[in-house]
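As you go down the protein sequences, you meet chains A and B in turn.
Going by numbering that gives the first Met the number 0, the first residue of the first sequence is number 0, and it counts up by one from there.
Going by numbering that gives the first Met the number 0, the first residue of the second sequence is number 0, and it counts up by one from there.
A couple of the hints might just be wrong.
[As the list claims (entries may be wrong)] EDC-like, lysine to aspartate or glutamate: derived pairs with alpha carbons at most 20 Å apart:
1. A:Lys-192 to A:Glu-325
2. A:Lys-276 to A:Asp-290
3. A:Lys-192 to A:Asp-16
4. A:Lys-184 to A:Asp-166
5. A:Lys-276 to B:Glu-59
6. A:Lys-105 to A:Asp-139
7. A:Lys-189 to A:Asp-337
8. A:Lys-123 to A:Glu-99
9. A:Lys-192 to B:Asp-50
10. A:Lys-103 to A:Asp-54
11. A:Lys-184 to A:Asp-76
12. A:Lys-192 to A:Asp-379
13. A:Lys-184 to A:Asp-60
14. A:Lys-91 to A:Asp-117
15. A:Lys-192 to B:Asp-62
16. A:Lys-253 to B:Glu-59
17. A:Lys-276 to B:Asp-62
18. A:Lys-229 to B:Glu-86
Please keep in mind that the hints were generated in silico from the structure rather than gathered at the bench.
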Amino acid sequence: MVLANATELSEPFSWPDPGLSRIPFRLFSDPEIYALEQQRVFRGPVWNFLCLDIDIPNPGDFKTTFIGETPIVVIRDENGDINAMVNRCAHKGALVCLQERGNKKKGMTCVYHSWTYDLRGQLKGIAFRNGIKGKGGMPDDFDPAKHHMQRINVESFCGLIFGSFADGMPSVEDYLGENMTWMVKRNFGKPLKPLGVHSQIIHNNWKLYAENVRDSYHATLLHTFYVTFKVNRMDMDGGIIMADDKWHHISYAKRHQLDESDEYEKAGVHAAQYESKLAGPQLLDAWDEYDDGITHCIQTVFPNLTFHYTLNSLCVRFFVPRGVNETELIWIYLGYEDDTEEQTAMRVMQGNLTGTAGLVSLEDGCINEFVQRGTHMSADKAAFLEMGGRDTESSEASRATEAAIRGFWEGYRGIMGFQ
Amino acid sequence: MNKAVNDDQYRPTAPLSDPEQRRRIEDFLVGYVHAIDDGDFRRWPDFFTEDAVYQIIPRESYDANLPLGILYCEGRGMMSDRILALETANIFEPHTYSHILGRPQLSENGDGTVNARSNVHITRTMQDGRMEIYAVGKYVDRIVMENSELRLQDRRVVLESRRVDILLVYPL
Numbered sequence: 000m001v002l003a004n005a006t007e008l009s010e011p012f013s014w015p016d017p018g019l020s021r022i023p024f025r026l027f028s029d030p031e032i033y034a035l036e037q038q039r040v041f042r043g044p045v046w047n048f049l050c051l052d053i054d055i056p057n058p059g060d061f062k063t064t065f066i067g068e069t070p071i072v073v074i075r076d077e078n079g080d081i082n083a084m085v086n087r088c089a090h091k092g093a094l095v096c097l098q099e100r101g102n103k104k105k106g107m108t109c110v111y112h113s114w115t116y117d118l119r120g121q122l123k124g125i126a127f128r129n130g131i132k133g134k135g136g137m138p139d140d141f142d143p144a145k146h147h148m149q150r151i152n153v154e155s156f157c158g159l160i161f162g163s164f165a166d167g168m169p170s171v172e173d174y175l176g177e178n179m180t181w182m183v184k185r186n187f188g189k190p191l192k193p194l195g196v197h198s199q200i201i202h203n204n205w206k207l208y209a210e211n212v213r214d215s216y217h218a219t220l221l222h223t224f225y226v227t228f229k230v231n232r233m234d235m236d237g238g239i240i241m242a243d244d245k246w247h248h249i250s251y252a253k254r255h256q257l258d259e260s261d262e263y264e265k266a267g268v269h270a271a272q273y274e275s276k277l278a279g280p281q282l283l284d285a286w287d288e289y290d291d292g293i294t295h296c297i298q299t300v301f302p303n304l305t306f307h308y309t310l311n312s313l314c315v316r317f318f319v320p321r322g323v324n325e326t327e328l329i330w331i332y333l334g335y336e337d338d339t340e341e342q343t344a345m346r347v348m349q350g351n352l353t354g355t356a357g358l359v360s361l362e363d364g365c366i367n368e369f370v371q372r373g374t375h376m377s378a379d380k381a382a383f384l385e386m387g388g389r390d391t392e393s394s395e396a397s398r399a400t401e402a403a404i405r406g407f408w409e410g411y412r413g414i415m416g417f418q
Numbered sequence: 000m001n002k003a004v005n006d007d008q009y010r011p012t013a014p015l016s017d018p019e020q021r022r023r024i025e026d027f028l029v030g031y032v033h034a035i036d037d038g039d040f041r042r043w044p045d046f047f048t049e050d051a052v053y054q055i056i057p058r059e060s061y062d063a064n065l066p067l068g069i070l071y072c073e074g075r076g077m078m079s080d081r082i083l084a085l086e087t088a089n090i091f092e093p094h095t096y097s098h099i100l101g102r103p104q105l106s107e108n109g110d111g112t113v114n115a116r117s118n119v120h121i122t123r124t125m126q127d128g129r130m131e132i133y134a135v136g137k138y139v140d141r142i143v144m145e146n147s148e149l150r151l152q153d154r155r156v157v158l159e160s161r162r163v164d165i166l167l168v169y170p171l
């Protein structure tokens with residue numbers, strides 16, 4: 000894909016020196032840049048999250064979603080294959096699937112003029128094609144085979160369905176790279192079970208949230224729940240792992256290395272238990288699900304997808320741009336099909352830590368808005384991001400670095416063609 | 000185990016007959032929303048029994064019997080943790096609520112507990128005067144008499160919308 004320079008903007012954009020450690024505030028409030036992103040980022044050479052495999056288990060099942068602001072429908076066909084297309088009729092352009100989810104086993108029909116499509120988006124028939132009583136109708140050369148909904152490329156990986164407008168994309172697995180896929184396989188590599196979905200409207204540009212989830216620097220400074228309740232997390236080493244192209248990242252914390260040692264046995268505490276001053280300590284009831292010792296992990300996938308696995312809480316966070324200064328952050332909480340009732344109950348309880356009302360991180364619902372409000376009249380000024388240096392490399396430090404944020408901008412800058 | 004109250008439990012199979020009892024319950028439910036509107040959050044856990052369940056959940060998940068909503072408390076301890084957290088740990092822009100409560104539909108279970116369902120409409124006012132409809136939904140409750148005091152044993156706040164504006168920190 001050829002990326003033109005940003006000359007289509009009425010005021011050309013150039014990145015200030017010294018580069019990725021300076022983020023011009025204009026990027027968060029310029030409607031022209033936002034419009035260009037719809038084309039270059041979301042319709043560009045990326046894999047966009049669409050939905051989960053379990054959203055559409057049976058032939059005919061569909062789920063509507065968005066790539067950027069473009070409405071998309073994902074539908075499973077008779078062969079079990081997944082198809083995705085722009086949710087737009089080839090006739091007048093109306094939405095074809097109106098509900099968020101459902102089943103269209105017999106095909107999709109636009110309600111406006113009854114144009115009917117198969118599950119691959121191919122036009123099958125239209126109303127009044129031959130006119131009524133010999134009057135009207137389509138011209139003789141009308142060929143339904145030449146009309147279809149706009150198809151996009153689609154691929155499923157570990158139960159997650161991705162779509163792309165760009166042709167010739169690498170597989171999702173290669174798009175993520177080996178540094179990233181091991182964690183996706185760890186968290187999503189077995190049959191999933193939905194636990195609940197909700198969303199929140201955050202009043203900021205989508206990229207401020209993309210920064211926020213890569214910002215491990217703020218975690219213990221803005222979010223003070225653990226400290227306030229003296230939660231002894233026994234967690235220590237962690238770090239950040241960058242994808243080879245820096246677009247995606249993993250940030251993680253591990254349980255203390257001495258976990259399995261005598262210390263715990265002497266103290267009579269199970270390693271997964273957390274001491275605290277909580278009056279309702281069952282909030283933090285957890286169990287050791289994986290033997291890698293990772294207790295907290297945030298993973299980002301460029302452009303607008305995040306996963307978290309904290310204690311035993313597994314969640315897909317999908318943030319959809321709804322305008323230059325508005326974003327819908329969708330929280331999709333999951334368990335596994337083979338979870339016991341007790342395990343489900345713990346995952347549900349831990350859902351209190353995150354989300355719109357998350358005890359640990361609810362501040363993220365307003366903090367990005369504070370940046371939006373602070374910067375929207377300062378297009379010529381820039382953020383200063385030198386914590387942890389000026390590079391975009393993986394590191395053993397997770398709290399005192401902004402490398403992952405700089406990594407996001409490296410990807411963004413390239414894909415937008417900003418010199 | 001967290002499980003949404005079954006729909007049948009709030010259908011008025013045996014409507015509450017005693018008008019005096021209805022008046023007391025109505026006063027209790029109104030007292031709850033006024034305590035929150037007045038910012039008297041420390042009193043919030045007192046409206047519940049010691050082991051009560053409180054949940055805020057979107058209608059979509061509630062109707063689909065999905066267990067995880069937006070906020071979930073099991074017991075007064077977790078409720079007071081919530082209040083302590085919002086008073087000492089959580090950071091957010093100051094705001095207030097105003098609840099408008101509909102007339103409750105009440106029914107007796109025969110074991111001394113009463114089921115209540117009432118619609119609620121909550122506006123939120125931010126410190127700069129911005130005001131909007133924040134939440135609309137229903138309370139689905141089970142109420143018990145404990146030491147001659149009414150208390151909530153189970154309260155589900157079922158929100159019409161799965162979307163919440165900005166964040167949710169004060170209980171509804």
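Going through the hints against the structure:
no. : hint                   : result
1   : A:Lys-192 to A:Glu-325 : violated (30 Å)
2   : A:Lys-276 to A:Asp-290 : violated (27 Å)
3   : A:Lys-192 to A:Asp-16  : violated (48 Å)
4   : A:Lys-184 to A:Asp-166 : violated (25 Å)
5   : A:Lys-276 to B:Glu-59  : violated (35 Å)
6   : A:Lys-105 to A:Asp-139 : violated (27 Å)
7   : A:Lys-189 to A:Asp-337 : holds (9 Å)
8   : A:Lys-123 to A:Glu-99  : violated (23 Å)
9   : A:Lys-192 to B:Asp-50  : violated (28 Å)
10  : A:Lys-103 to A:Asp-54  : holds (14 Å)
11  : A:Lys-184 to A:Asp-76  : violated (26 Å)
12  : A:Lys-192 to A:Asp-379 : violated (47 Å)
13  : A:Lys-184 to A:Asp-60  : violated (25 Å)
14  : A:Lys-91 to A:Asp-117  : holds (18 Å)
15  : A:Lys-192 to B:Asp-62  : holds (17 Å)
16  : A:Lys-253 to B:Glu-59  : violated (36 Å)
17  : A:Lys-276 to B:Asp-62  : violated (35 Å)
18  : A:Lys-229 to B:Glu-86  : holds (16 Å)
Checked against the numbered hints given earlier, the structure breaks hints 1, 2, 3, 4, 5, 6, 8, 9, 11, 12, 13, 16, 17 and satisfies all the rest.
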